[in-house]
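K.L.:
Here the protein sequences come in this chain order: F and R. For the first sequence, numbering that gives the first Met the number 0 gives the first residue as 0, with consecutive numbering after it. For the second sequence, numbering that gives the first Met the number 0 gives the first residue as 0, with consecutive numbering after it.
Note that these hints are calculated values from the structure, not bench results. Be aware that a few hints might be false.
As the list claims (entries may be wrong) - In the PhoX-like style, the derived pairs of lysine-lysine whose C-alpha atoms are separated by at most 25 Å in a straight line are:
1. Lys531/F <-> Lys79/R
2. Lys334/F <-> Lys441/F
3. Lys106/R <-> Lys57/R
4. Lys171/R <-> Lys606/F
5. Lys171/R <-> Lys666/F
6. Lys32/R <-> Lys192/R
7. Lys83/R <-> Lys531/F
8. Lys666/F <-> Lys179/R
9. Lys96/R <-> Lys253/F
10. Lys298/F <-> Lys89/R
11. Lys79/R <-> Lys171/R
12. Lys89/R <-> Lys295/F
13. Lys79/R <-> Lys606/F
14. Lys254/F <-> Lys89/R
15. Lys25/F <-> Lys37/R
16. Lys96/R <-> Lys254/F
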Amino acid sequence: MKKIILLTIVSISMLNSFAQTIVSGKVSDNKGDGISAASIRIKENGEGINADSSGKFSLSLSGSGKRTLEVSSVGFRTSRQAIELNGTTTQLKITLNPARGELAEVVINAGSFEASDKAKGASLTPIDAVTVAGNGNDLANSLRSLPGSQNVGEKEGLFVRGGTNEEAKQFIDGVLLPNPNFSSVPGILQPARVSPFLFKGILFSTGGYSALYGQALSSALILESIDLPDQSSGSFSIFPPHTSLGYQQLSPNKKSSYGIDMGYSNAKLYNQVVPQRPEYIKDPEYLTTDANLRIKTSKTGMLKFYTNFGQNRIAMRNPDIDSNTLKSSFDLAGKNLYAHLSYREHLGNSWKIDASLAYNYSDDRINNQLLDSNNKVIAIQDTLFGNKNNGSRSLVNFHQEKIVLTKTLPRSMSIRFGVEDIFSADNRSTRIINDEYKQELKDRLTAVFAESDFYILRNLAAKIGARAEYSSLLKDFTLAPRVSLAYRFDDGGQVSLAYGMFYQKPSNYFLVQNPDLNNMRADHYILNYQKKISNRIFRIEGYYKKYHNLVTANPLPSNKGTGYAKGIELFFRVSYTYLDTKRQYMNYPTELEPSYTTPHTLAIALKQFFPALGLSANVSYSLATGRPYYDLKQGSEGKTIIQAQGTTQANNAVNVHLAYLFTMFPKSKNRDFSGVAIGVNNLFGSKQVFGYNFSYNGANKVAITLPAPRYYYVGFFITLGIDRRDDLMDQVL
Amino acid sequence: MKKLIVIATLLAGIQFTTTAQSSKADLTPVVAKLDQAKSVEDFKTVADEFVEIAGSVKADWLPYYYAAYCNAKIGWLYEKDGDKIEPFAKLSREQVKQALALIDTVKQRKELSELYCVLSMANRAMVFINPMTYGREYGTKSGNATRLARQLNPDNPRALMIEGWEQYETPKMWGGDKAKAKELLTEAKAKFKNDDRSGVQPHWGEPEADAILKKLN
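The following block holds chain F by itself, in its conformation from the complex (with noise of 0.2 Å):
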């Protein structure tokens, strides 16, 4: 009996540990959806499951003691608990994060837009800029169909949220583009001089951007160009009345590549076929040549050089506004030499260097005259019209170097810092019928900040940081404060807030008059949510920005103006933007709305790609409230007055854009990517109003409208890839 009653116990106790202990649960991503199939496993045995279709699992354990719980999916980081086996039953419910560099866990966005070559949902990319309709191959532009930036289409550059298309500046691998577009000509918006395709970042900020940079009062565009291309190629394309060559060596070695561009518009020919409004006595007539040179100097290093000389040319002649008879006569001839050098390298430990150099010369001689009806030149001795015979040769260099130190600490944490020496010097001179005057303008600013970004909590990211600004030319010396919060959802949307404080020197023009002013300043308050609803991002966007400092000229310059803005800004495949904003500066008298400001704005952009055909067709349409325009004269006393005023009709243009896309040479190792293009801005040709300009004596006014009411292009391109690769792998890895 006893041994009868020993054996029960014995197999008993033997039985309890083979007592099942049961996991069970739901494996799900941190939007809360189920992650199919994730694998459930025990790390010391490798025993486990994969969870069904919903990420729900019911795992059958035996033995005893602790275990550690793996549970994984591909693009999510591993998720590693204790569990016990003590014969329980257990209900997990685990969340796996995203892996690094997959969908990203926590981005600040508040008064962001970021665009890479990526091209995963709603993104930008230098695609966008030559084919959503309209863009002209001006990166920019095509920033136009994103809420926060007014379609202002008489001058090129970026319109942002209330500020000037000078608040507004473009950066290149850290440093500034001074001259992104040719010349400004009057009336007639000018295309950019570099090509979209050599970069790979696009970072639009429409506020409160980073304390890396500085000099723009309301937004920065933060572009950071293309690495080592795959392979060589060579590229020609022809989109009268422009065409352009190119060709990219990439080395042997895949360590390094060099290349050239040329392109050269003239519109002769395109201006007889359409006619246009202005008189041209020289076509507009633009060449750029560039070149680029890329050395991957280690496995983490990379040196590139890029330089763009740049030449224009136009002379018009269009109605003189104070007289029946007169015209008068505009004549731009503009050079620019820009040339950029940047370096990157992993120190080790953690540390990173990016180091930056950019250098810009630019030269641009303006006329203006008066003519008779016979177009001969007349000279009137009046003020009025003898001042219009005029002109001025404005020379100005420009060198800025920067360096920004990075350290990647524990848990996404990183820490930023570094210096930069902006020098310029203007050389002008002016001529007013015959007398002659020069003026200098020399000044360096040397700026040095700080930033870091971390995590609050695991779903609270945030972004703290400061710049400290002296201007030698200003004495002025500023200090900036940046910081930005985004918290995280458990369904995926996002918060984010973001204040800045925001300083730009006057320009030149006003420097010149007196070099005594200060820096203006705007501080910006946003608040943002954005979530991804079917695929699509959704975002609303709401801001108040208080401008101090501006420049006022009634009539001599001096720092009193002020001025505010507001508004809401939605994107959801539609963007819409809602603007408040008033703004005293320049000679207005009072804060006015500016004139090239409006309260609301819509955009549209549809883009069909079909694979099977190798057709894209985009139609984008925009409408805008009308812009207020002002007449505004110099009355006694010095006091500037508002003669008349009102609001443009409200604008709208519809534009489309067809490419056919194809290779000429399917067998071929070196096989081409070719395209036909053919589009139309203003398709039905709508009548476009952007302000009115006034006689001095205020009885005539003239619309301020498009050079004609439609552009046509239709052009071809072709892409030739020459594989000069040994290296089999390369080929197919």
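Fit chain R to the given chain F structure using the hints.
P.N.:
Below, chain R alone, put in the same frame as chain F:
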């Protein structure tokens, strides 16, 4: 007493067998499971099993090859859900690299041909993410991999099937040829007969060939 010892030993034996895990390198049951796999979950489960075997055996190219194939296949199943593809396509390419390191790339031509077939699929999955942006780089790599797979083993039915798919799906203006597709797929069908369906050497691909042939007829 003897009975007690026997019973105790049996009980002890049961304990050991229930906790013991099959980390043996027997691919046959897993490959059989792969033959039945249809959904993303099926392929994920099978991929995990192959990765485990690969990790414990270490010197065999096949488990890495099969894991890479499963992940490439998942990339293809997610064609309409582009956002999900990238981690699987990347992992597949990584696993192909691991398999390549375990074979003699000069002598083992048949094995290399199979790996290039999987690589072609993984690259093609990248194209599905965004044909306009990725088509140029990954489409070219995919085509190159197929071409090499065919050169290394002209009788490989999988390489024939993939090239047939390419000829069928590519628009005419880009060099596609539906007549050539039919020719290749018919030849693939003939060569599939040489596969060992019960073994562990690659023998997938016939249903895919059938699906396209059906569309061509």
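K.L.:
Please go over all the hints and tell whether each is borne out by the structure.
P.N.:
Each hint tested on the structure:
Distance check on the hinted pair: Lys531/F and Lys79/R sit about 17 Å apart at the alpha-carbon level, within 25 Å; holds. Simply put, Lys334/F and Lys441/F have alpha-carbon atoms about 20 Å apart, close enough for the 25 Å limit, and the pair holds. For the suggested pair Lys106/R and Lys57/R, the alpha carbons sit about 20 Å apart, so the restraint of at most 25 Å is met. For the hint linking Lys171/R to Lys606/F, the alpha-carbon distance of about 23 Å falls within 25 Å, and the restraint holds.
Restraint check for Lys171/R and Lys666/F: satisfied, since their Cα atoms lie roughly 12 Å apart, inside the 25 Å limit. A hinted pair counts as satisfied when its Cα atoms are at most 25 Å apart, and Lys32/R with Lys192/R qualifies at roughly 20 Å. Between Lys83/R and Lys531/F the CA atoms are separated by roughly 14 Å; this keeps the pair inside 25 Å, and the hint holds. Between Lys666/F and Lys179/R the CA atoms are separated by roughly 14 Å; this keeps the pair inside 25 Å, and the hint holds.
A distance of roughly 20 Å separates the Cα atoms of Lys96/R and Lys253/F; the hinted pair therefore holds under the 25 Å criterion. Distance check on the hinted pair: Lys298/F and Lys89/R sit about 20 Å apart at the alpha-carbon level, within 25 Å; holds. A distance of roughly 23 Å separates the Cα atoms of Lys79/R and Lys171/R; the hinted pair therefore holds under the 25 Å criterion. With a CA separation close to 24 Å, the supplied pair Lys89/R and Lys295/F stays within the 25 Å bound.
Annotation: proposed proximity of Lys79/R to Lys606/F holds, straight-line Cα distance about 17 Å (limit 25 Å). For the hint linking Lys254/F to Lys89/R, the alpha-carbon distance of about 23 Å falls within 25 Å, and the restraint holds. Taken as a hint, the Lys25/F and Lys37/R pair is honoured in the structure, with Cα atoms around 23 Å apart against an allowance of 25 Å. A threshold of 25 Å between alpha carbons decides the hint, and for Lys96/R with Lys254/F the separation of about 22 Å falls inside it, so the pair holds.
The structure shown violates none of the earlier numbered hints.
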